[in-house]
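Residue numbers (the numbering used here), protein chains in the order written: chain A, 1 to 408; chain B, 1 to 196; chain C, 1 to 174.
Keep in mind the hints are simulated off the structure, nothing from the lab.
Ideal Cβ positions, reconstructed from N, Cα and C, are used throughout, including at glycine.
Hints should not be assumed to be uniformly reliable.
[What the hints assert, rightly or not] Listed next, the in silico DMTMM-like pairs over lysine to aspartate or glutamate satisfying Cα-Cα at most 20 Å (straight line):
hint	chain 1	residue 1	chain 2	residue 2
1	B	108	C	67
2	C	133	C	100
3	C	91	A	359
4	A	96	C	24
5	C	148	A	64
6	C	148	C	67
7	C	148	B	134
8	C	133	A	49
9	B	108	C	139
10	C	69	A	359
11	C	160	B	116
12	C	160	B	143
13	C	148	A	359
14	C	148	A	60
15	B	187	B	116
[Stated by the list, open to error] Just a few of them, taken from the derived set where beta-carbon distance is under 7 Å, the chain A residues facing chain B:
hint	residue
16	21
17	25
18	28
19	37
20	38
21	54
22	56
23	57
24	58
25	62
26	77
27	143
28	147
29	162
30	404
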Amino acid sequence: MSTEQHIKLREGSIEKTTTTLNLGPTHPATHGVFQNILELDGERIVSAEQTVGYIHRAFEKLAERRPLYQITTLTDRLNYCSSPINNMGWHLTCEKLLGVKTPKRVDYLRVIIMELSRISDHLICNSVVGVDSGAFTGFLYVMQYRELIYEIYEEVCGSRLTTNMGRIGGFERNFTAAAWEKLEKFMAEYPAVLKEFENLFNRNRIFMERTIGAGPISAERALNYGFTGPNLRAAGVDYDVRVHTPYSSYEDFSFDIPVGSTGDCYDRFLVRNGEMWQSLRIIEQAYRKIQDMKGAEAEVYHADAPEYYLPAKSDVYTKMEALIWHFKIVMGETDIPPGEVYQAVEGGNGELGFYLISDGGRTPYRLHFRRPCFIYYQAYSELTKGAMLSDAIIVMSSLNLIAGEMDA
Amino acid sequence: MARPVRFNIHPIQADIKDNISLANMPEGYTGEGFFTTKLSDVVGLARKNSLWPMPFATSCCGIEFMATMASHYDLARFGAERLGFSPRQCDLLMVMGTIAKKMGPVVKQVYLQMAEPRWVMAVGACASSGGIFDTYSVLQGIDQVVPVDVYVPGCPPRPEAILDGFMRIQDLVGQESIRRRNSDQYKGLLQSYGIQ
Amino acid sequence: MALTNETIKDRLITKFGEQLSHFEEPYGLLTFEAPKDLNLKVMQFLFDDEELRFQFLTDLTAVHYPDQKGRELAVVYHLHNLTDNIRLRFKVFTSSEQPDVFTATQLYSSANWMERETYDFFGVNFVGHPNLKRILNVDEMEYFPLRKEFPLEDQTRIDKDDSMFGRGPLPATV
Chain A
1 MSTEQHIKLR
11 EGSIEKTTTT
21 LNLGPTHPAT
31 HGVFQNILEL
41 DGERIVSAEQ
51 TVGYIHRAFE
61 KLAERRPLYQ
71 ITTLTDRLNY
81 CSSPINNMGW
91 HLTCEKLLGV
101 KTPKRVDYLR
111 VIIMELSRIS
121 DHLICNSVVG
131 VDSGAFTGFL
141 YVMQYRELIY
151 EIYEEVCGSR
161 LTTNMGRIGG
171 FERNFTAAAW
181 EKLEKFMAEY
191 PAVLKEFENL
201 FNRNRIFMER
211 TIGAGPISAE
221 RALNYGFTGP
231 NLRAAGVDYD
241 VRVHTPYSSY
251 EDFSFDIPVG
261 STGDCYDRFL
271 VRNGEMWQSL
281 RIIEQAYRKI
291 QDMKGAEAEV
301 YHADAPEYYL
311 PAKSDVYTKM
321 EALIWHFKIV
331 MGETDIPPGE
341 VYQAVEGGNG
351 ELGFYLISDG
361 GRTPYRLHFR
371 RPCFIYYQAY
381 SELTKGAMLS
391 DAIIVMSSLN
401 LIAGEMDA
Chain B
1 MARPVRFNIH
11 PIQADIKDNI
21 SLANMPEGYT
31 GEGFFTTKLS
41 DVVGLARKNS
51 LWPMPFATSC
61 CGIEFMATMA
71 SHYDLARFGA
81 ERLGFSPRQC
91 DLLMVMGTIA
101 KKMGPVVKQV
111 YLQMAEPRWV
121 MAVGACASSG
131 GIFDTYSVLQ
141 GIDQVVPVDV
151 YVPGCPPRPE
161 AILDGFMRIQ
171 DLVGQESIRR
181 RNSDQYKGLL
191 QSYGIQ
Chain C
1 MALTNETIKD
11 RLITKFGEQL
21 SHFEEPYGLL
31 TFEAPKDLNL
41 KVMQFLFDDE
51 ELRFQFLTDL
61 TAVHYPDQKG
71 RELAVVYHLH
81 NLTDNIRLRF
91 KVFTSSEQPD
101 VFTATQLYSS
111 ANWMERETYD
121 FFGVNFVGHP
131 NLKRILNVDE
141 MEYFPLRKEF
151 PLEDQTRIDK
161 DDSMFGRGPL
171 PATV
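Only chain A is shown next, with the shape it has when bound in the complex (with noise of 0.2 Å):
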């Protein structure tokens, strides 16, 4: 294991006239793990090339040594700034190869924490874009609100970060009188701090000069890399897995579709500020909508699958179906079609698939991510051709790139 391997030279290193530079693995720019080498004449990049691997943690291979319900904990580290999203997608691919149904009010739940969750991932990406153009006042403002969220999910689940929340089926237990409370006060408090934040940065000289004009990209170089989410949208496709592959009824809600037009990092910015907005209207919703239902509806947390679901545990020590199904499920004697399912997920950056084969027996023949972090990176070089150092900077903050999302 050589330490020169971070470091390369090109040929005739003497006689060229651009610097190489190392922005190496560790440094505060890169939010993460991934080193990039640029090529500088000056202060202007000529050429950048990436390298990624530095967490690469083997994801795809460990899930075929678990059974399903245990690879959940393995999909909450991978965009680890908004783990729901991550679980509940997978949740909704085991759903999909199982054959459970889930009903309405379960996936309204989900609705409102996987927004909740797109709300914390674009809190973390745009005010550490705010700190990468030295503002460090919006990052510190905004982190209270995303405490806010990490108690509710506390609430649901009990962890904060990686919440291996819910299970196939649904949720483990439904969601306490303190959840309703803490998420109530979400609702009241959060638009004005989300108005403040845009206050400190839309309008402002020198953010605007900043971001406007680094790192474009046009619709068809974008949908050609591959970009699907917030990058996409800046660049003018108005491509959202919510509502061209609605999953977990997200078609009962109207919600808009942020799009920009150049593709810079202020359209990113501005893209990702208005899917917040969304955000908060799609929670409204799914909170007015829960809490009309009435009657045994409104108790309902997870779907009638006892082949899949683990039944409660006082039933375990009274009833004997419980039991039989509670040791089906543990000790994996409980029948998983064999077949081969693709489901995405509309996640923080963008489309997050899980490409699962089952061969019938307990744990996955193959599962692949589709991990859209990975997939745009590749354009990091196209997008600084001709920047300045600070604007590759800047671009690279921008385009929300989570390292354990990008080598899984």
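Since chain A is already given, all that's left is putting chains B and C on it; use the hints.
Here is chains B and C on its own, set in the frame of chain A:
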């Protein structure tokens, strides 16, 4: 089936009288207009209340570290206001997140660039022992490449746990003897890692 | 006339005839298999045709089937037609002794790193790829880890006892 929630639904309002603490004077001999103590105690007191950490944030624990640095769980209260990204200027290397085998030499190189006295904190299960990733590509704990002073378990550890780890480092820093870095035992420790 | 799986299948059979096989629709997604020297032609046809317009490569990966001799490695492409909102999947099988498959990088720039990842994990050699080297694993690694014969854990680690995990020592293939 839902159990009623009992905790943290009506949080107690903060009271300033509970929140101020002063650093204690080191043990020493006081007289009329003078105070004597050991040099290592004074140096330790100064160092521990102004540690400059270097965050080596790789994955999820890095986001919990960002939450620790933010205003809610402020790390700056402990003197760690200035995060350095240059290892030459930092005292404490906080490795947060999974270290893959590809990243191992980078951690070692960063550790080598730090000047003595230096401390290392392994935050999270992955940095301590490989965590849930017992795979071919993950280094099973950074103590395979650098000597570690404090391990903070958790996946990810709560910000309070990271602060607790930081306070344990402060204890170590405050009680360190002046001769430790030149002692044979320390040199032997570095030799075992292949560091001169 | 909206584009359906039937129309896509008919167009493909009209163009390529008997060479495409195993048409299935698991969970509503049209899936078929193509011979490995035709993969680029199939993708080009799907890209250029004015009605089919599959101009977005969603995913490119591989699967290892050690039991099917001569067809061990399957390269799987997921394509997406964004205007009509239809997806499709097709597979190309190759043997593990000579896993050469034509690269898709001229058509889709996103295939660049996806093919490097597939090479890194399975050893599929993409003919014509501009920079086919390992991307996620260390460059010095000599084997292709996601093939079924290789273990998940690093066999040289000393701090974990495999017998405690219910796993005994492995046969000497590594």
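Go through the numbered hints given earlier and state which of them the structure violates, listing their numbers in rising order. As far as the earlier hints go, 1, 11, 16, 19 and 20 are violated by this structure, in ascending order.
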